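Engineer: Chains as they are written, first to last, in this note's numbering: chain A, 1 to 132; chain B, 1001 to 1188.
For the record, the hints were derived by calculation from the structure and aren't laboratory data. One or more hints might be untrue.
DSS-like, lysine-lysine: derived pairs with alpha carbons at most 27 Å apart [said to hold, decoys possible]:
1) B/K1005 to B/K1162
2) B/K1136 to B/K1042
3) A/K126 to B/K1005
4) B/K1035 to A/K119
5) B/K1042 to A/K126
6) A/K119 to B/K1042
From the structure, some residues in chain A lie toward chain B, with a derived Cβ separation under 7 Å [claimed, not checked]:
7) I87
8) K118
9) P120
10) L121
11) K128
12) L129
13) V132
Every value quoted in this text rests on a predicted model; they were computed, and no experiment measured them. Don't be surprised by glycine CBs; every beta carbon is placed ideally from N, CA and C.
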Amino acid sequence: MGEDLASALKGFLEEMKAMLSPKIVFGEPIVMEDKTIIPVVRVGLVAGSGGGKGKEGEGGSGCGGVGGINPLGIIVVLKDVPGFEGIKIMAFPSALGQALGELLPKAMETFMTMMAGKKPLGEEEKEKLLTV
Amino acid sequence: MAEKKYEGLLELLEGFQKTCSSLTAGIREFSQGTKASRDEMKSRSFLMRSFAQKDFESNTGMSLDEWVEFSERLLSRFENISAAVQRIDEVKSDPSRIPFALNEFRDASSSFLERYNLIIEALDRFAIYMLDMPKKTESIPKPFRGFMSEEDRRRMVEEAPKAGEGIKKLMTELKTAKEQITDLYRFP
Chain A
1 MGEDLASALK GFLEEMKAML SPKIVFGEPI VMEDKTIIPV VRVGLVAGSG
51 GGKGKEGEGG SGCGGVGGIN PLGIIVVLKD VPGFEGIKIM AFPSALGQAL
101 GELLPKAMET FMTMMAGKKP LGEEEKEKLL TV
Chain B
1001 MAEKKYEGLL ELLEGFQKTC SSLTAGIREF SQGTKASRDE MKSRSFLMRS
1051 FAQKDFESNT GMSLDEWVEF SERLLSRFEN ISAAVQRIDE VKSDPSRIPF
1101 ALNEFRDASS SFLERYNLII EALDRFAIYM LDMPKKTESI PKPFRGFMSE
1151 EDRRRMVEEA PKAGEGIKKL MTELKTAKEQ ITDLYRFP
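Taking the hints into account, I'd like the entire structure generated from these sequences.
Structural biologist: Next up, the structure:
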């Protein structure tokens, strides 16, 4: 494995390590008055890498991957109900989970765009600022 | 400084040197803050990071990497302006050398004056974004809040407005600097 590929793969794995943190699998608890809700999602990932050398001795290398998020359900912890009775696990039907998985990123993106209501600066303006 | 045409130059230089000193410290702080935010953004989970980056760029006009680059350029610009002012100060007792030092000062400060309105507009967007952060945090729907850490929420509510106030202060100092530079331009 060439140094370039080793370095690219190392960076890629670091990125994937951040992506696969437990926070993605179990969302932060949503604390409500009488209950706490913990979202549960499944993260899928496919990754690959490769490298090679041409006749002139010049080579190339790279790696990539694709990830997906699939909401599985929620865990509800009722505050005033002791023991196992106070813990409810509500699984989404697989079709709903898949639909939510596709919807969630789009919904977040739409929400953020609505919240922003503004556009980044144009290239010319950026150029002026970055050459002040 | 015998020549009448340079009357008032000493007082202006003194005032502007104080502004430059405070301003470079302020820009340095701003630059460090944007670098820390960039590093903090990189530590966020993949999902939150992509949305946060998009939200930040749409609202402030530039990405965090670009803001870091801009802050470093602005700092470098004001270090050059400060050095040019220092040279005027060094030759102030010899009126024959003042015009050359003033020309150097004009060269150092012209790009700042030309871009002043754009700089203020961009910084204002950044300041408003930071000042509005607590309100924005509250308006995020609960299902989405589940993917934010408690530390992220604390930063958005407590630290962002302080950073916004810091940017507003920086804008005030840039305005003072612009007025003082314009005043210095009247000397031949």
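Engineer: Checking each numbered hint in turn, tell me which of them this model violates, lowest number first.
Structural biologist: 1, 3 and 7
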